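Colleague: Below are the chains, spelled out letter by letter.
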Amino acid sequence: MEIKKGIGVSPGVVISAAVVLDAEDLVIPKRQVAASDTEAEVARFNRAVEEAIVELTRLRDDIVARQGRELGGIFDFHVGILRDGSLLGQVLSEIRANRSTAEYAVSTVMRKYAAVFSKMTDRYLSERVKDVYDVERQVLRRLVGQKRQDLAHLSTDVVLIAHDMLPSQTALLDKQRVKGFATDAGGRTSHTAIVARAMGIPAVVGLGDITAEVNTGDLVILDGNHGVVIINPDEQVLSEHRESELRRLKVESDLATLQDLPAQTLDGHLISLQANIEFPNEVDEALHRGAEGIGLYRTEYLYLAGEREPSEEEHYGAYADALLRLKNRPLVIRTLDLGADKYSQSKAVNPERNPFLGDRSIRMCLHDIPMFKRQLRAIMRASVLGDVRIMFPMISTLMELRQAKMVLIDVMEELEDEGVSFNRDIPIGMMIEVPSAALMAEKFAKEVNFFSIGTNDLCQYTLAVDRTNEKVAGLFCPGHPAVLGLIRDVIRKATRGNIGVSLCGEMAGEPLYTLLLLGLGLTTFSMNGPDIPEVKKIIRSTTMEHARLVARRVMSFDSERQVMHYLRDETRKIDPEVV
Amino acid sequence: MIRPVGGPPGLPLSSLHGVRRIMPIASRDIIVSNSLGLHARPAMEFVDTANQFRCKVTVRKGGEEPYEADGKSVMQMIILAATQGTPLQIQAEGDDAEAAIDKLVELFENKFGEE
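Protein sequences, first through last, are from chains A and B. So the first sequence is numbered by this note's numbering: it starts at 1 and just counts up by one. So the second sequence is numbered by this note's numbering: it starts at 580 and just counts up by one.
Chain B with its partners taken away, still in its complex shape (with noise of 0.2 Å):
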């Protein structure tokens, strides 16, 4: 089953998982602007920067059809279905958050290398 939200499906969701050392977070939020929205290509630059980084990486989409995506795994973010102009919540957690965040959320403004 893939839940619609949550986490990884079939693996459960970390946060609800024990007590851990308290890692630092950093989020942004923005909104999908280049045309096709998350398609194919720019989800596995999206996951491949994701995963040059140590830290999870979440991102969030709400409204009618809420969903959390791993930001690390592509087939997962093809699900978010993030079209554009969706507003999605990219959530970083671990020691390199805050430099994730900056690299992830450029890709966005470079709307993917789109036009």
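Just chain A, with the same shape it has in the complex (with noise of 0.2 Å):
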């Protein structure tokens, strides 16, 4: 048994045995198959060689006849490469001598003569190990194809471990089948993290060397709520694991009886309840767990699916697919909040030294103004379908927000003057989520029409702790009193202010701190729909005035861990399933 720790990306449990994929232009690593097995991988890899001795031989023709003859000899060459005799021997005695996988018999193999070649003196010959790694390119991505199409059609469920997961590889994917990714790169924006949510399957990315470390075969439990694989589980852990997916069925069904309950205290105050989404069609999941709006509609996938920035139209389509769905209740669009991870920065022709810190989110968008419009244009044609409203993600300084409403407003203008409908009314709000604008929310107040806390962001900006290292990951607590001094003020200054304010971060759906937030004054709780339910059973089993005890004791302890005890002791008298 091994134990793994990755990012959780997408939440849930799943048990199943796993499919290891290999990615044709990196390291392929060490992996074993069943002695009953190696037949089948000396019958793919003869597969794989035949098909590309025909490739080359069709590439060879197709230059030839272009290009003349002399051309063609590095093909003739090549192919003399895969039927040289004495290298497919080599291949498939260590297949079966040492039961690799095809693809690792053939990198071992290929590798070794490209050793002996690069070590040549005469510059001409050593240079021939550009060919040998051509042809091992060659037959690898023949094998890596085959497997790519078998998991078009999969007999059993899987979970799916790979370096990265490709767009190419994800479009192939049998959807009925793959139950999970854990994958050794990527974040929470990577291409693997968005299509697990979008399929609502359990995801863990960032596991370093998870592709080495499991075989295809083998039995993983896959916990994308913990970020954790633990591979080739004994059988207690597998026990405990089943039980307590099990516990979990029973305490969803038992909260779904809430679904069309008000989320109303014991002494009648109404709390709105509302969902985070990424894409339109999580709409109807949301309002199937309760949700009486979108609080939050992250905008990233668009940019994130594709290779090239979405265009208006495709802006606009899955606005306006959203909004069909949610039939006259609330949609609030954040605009592009992107930047600050790996993804942006593997893309970036000069990375940032410090991208936390740097050209993310609104920042971006104002850098690239074309862009931005685009997106704000889709925005405004979509608000007559529905009841749309606009938000600023990042905004550190009030000449940000004056710049972003600018750029709306010219959009609004160029509407007007193409005739094309729009609702001038859109309420705009902003993110609070940088600490200068929670400080200086008294003065936002008066340019927004709402604030949306974004306590992941404060917090990491407050305390100065990236959750996602590891090494000082413990400190990041939206416990801290620092921030809850100033989720408290952002709170009190949007009500003095007359505005709306909502709190989209993970501290809303954690049920641990919907007393202190309802103590707070905090009205309007976005999350992600899964975790409707168990906060509204919360609310429906306190009174407000409960609620400001609670608060007002919090606010007087001086560290994040007198306040996590409280609240966990208070939370379980109301409800002792809270963790």
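For the record, the hints were derived by calculation from the structure and aren't laboratory data. It cannot be assumed that every hint is accurate.
[Stated by the list, open to error] The calculated DSSO-like cross-link candidates involving lysine-lysine, where the alpha carbons are at most 30 Å apart (straight line), are:
1. A:K119 - B:K635
2. A:K112 - A:K147
3. A:K119 - B:K690
4. A:K130 - B:K690
5. A:K446 - A:K405
6. B:K635 - A:K112
7. A:K4 - A:K175
8. A:K4 - A:K30
Please read these numbers as outputs of a predicted model, since none were measured by experiment.
Now that you have both chains on their own, put them together as the hints suggest.
Modeller: Rendered as structure tokens:
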């Protein structure tokens, strides 16, 4: 049994057999197959070689026809390598003697030759190492491709293990059979994470070397809630997980009875519970869980899903889809909040040294007005289809907010000139997720219609902690008195300024914080759909009077430890299920 | 591991293996004379020609970096690193050994169609 820790990017737990997927351009990890499967690997290898020969021959003929005999020679050489009996024999004996996968056997043998070639003193000959690599890639591509094809027709449920899922790979998946993803690389906004959330299956990314640790066929427990993968769990761990899965299902069905009941305290205060989504089709699930609207529509997916920036029509299509499903319930669209992560950095020409303090989110939009305008135009055009509200992320100074609003006004004027209808009175809001914005909430309240507190970033920037860095993640705690102080003040200033305020960070969906947030005067919570029933249960089990008492007590503490202890005790009195 | 001297890497030297029927052996010493030596295209031509015969073909290089290549393996023929001026011994073992040697030596004499 082995336990690997990564980043949980899509919730849920699944226990299933693993299928390991290699990428053709990577070092293929050492991996073994069952003794009974070695001949199947031999057959795969032979097939890949035959296919490669056919393809190379076709290429050769093509080149010869267009550019003459001389250039065809290199392909003859490549085909010659693939027909080299002693080389093929070595690959076969690597598969048979060491039970290696065909990929690993090819890679091992070819790399041995590559090493010999590259040491040769004759320059012309040492350069033939490129041909060796080229041929290796030709064969590997086919081996990996075979598996990819196989993934389109799976006969049992599987968890996919890969270095990182590529769009070309996910496009082919048999979505009925793939029950989870675990990858070496990636972060919250990686393609894998997004696809997993869209499919509603658990995923853990950033596991480092999981592809080398797992063999196809191994049993794994994938826990997307805690970012853990357990490889070949022993009986005890396995039964524990099966039990907790049953418990969870039971709790879930109990909570489902709350779906149509209002989120109202015992003394009659009505609270609005809304959902955070990334995809229009998540609206249905959110409503099913009892959401009264969408308090945060993250639009990053539109940018991350494809290789290029989405067109205005693609934006519009997604917003219209969400609004149709919402039937006049509110939809808060947050403008592009991208940057600061691996994904955007790896695509950047000049990676930033300090991306979390860099050109991200609204800053990035204000640096690329044409791109920003495309999104704003789509939002404004969609604004006549329902209750659309617009929200700017990562605002840190008043000037930024004013600039963003100016671009929006520009867009409105353009649409007006074009005779396109839109809602001129669209509510405009901003995220409060930078301490400077929280501290200046009173000023900001005069310039927007609502605030939404993003506690994940607010906590990160207030405490100077990157929670994905395991060395310091322990310091990340939204219950820190400094963070709570900012949240209290923002709610207070919004209320005094007579504007709306909601909280859309993970804190909103944590039942542990529900009493406190109620007591601080928060009346709108926006969270992941599945969290709604539990938070609703707490709201329906307490009074506003009690919640205020809890909040007052919490604000008197001077350490997050006291805060958490106290909140746990108080919450358990209401709901013993809370951990 | 690819041995600097010996038969096909990973395969045992046939000469070290058991007692076999005595096969006709033909052998010829030549010097690589084409300017590029046994680079990819000539090596392919050599291997393609060798493969037209049933006999076993071995090419030996002496000197500071001795190597024995399977004449039917293009990879080993490249590893031989037979540049212009390199003396080589070509040996064929099998019923059609003589015919094979003639054809293979002819390739060198024609400088693999170069110039």
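Colleague: Each of the hints needs a verdict: does it hold here or not?
Modeller: Going down the list of hints, with the structure as the test:
no. : hint            : result
1   : A:K119 - B:K635 : holds (28 Å)
2   : A:K112 - A:K147 : holds (25 Å)
3   : A:K119 - B:K690 : holds (26 Å)
4   : A:K130 - B:K690 : holds (25 Å)
5   : A:K446 - A:K405 : holds (13 Å)
6   : B:K635 - A:K112 : holds (24 Å)
7   : A:K4 - A:K175   : holds (25 Å)
8   : A:K4 - A:K30    : holds (18 Å)
Every hint, counting from the list given before, is met by this structure.
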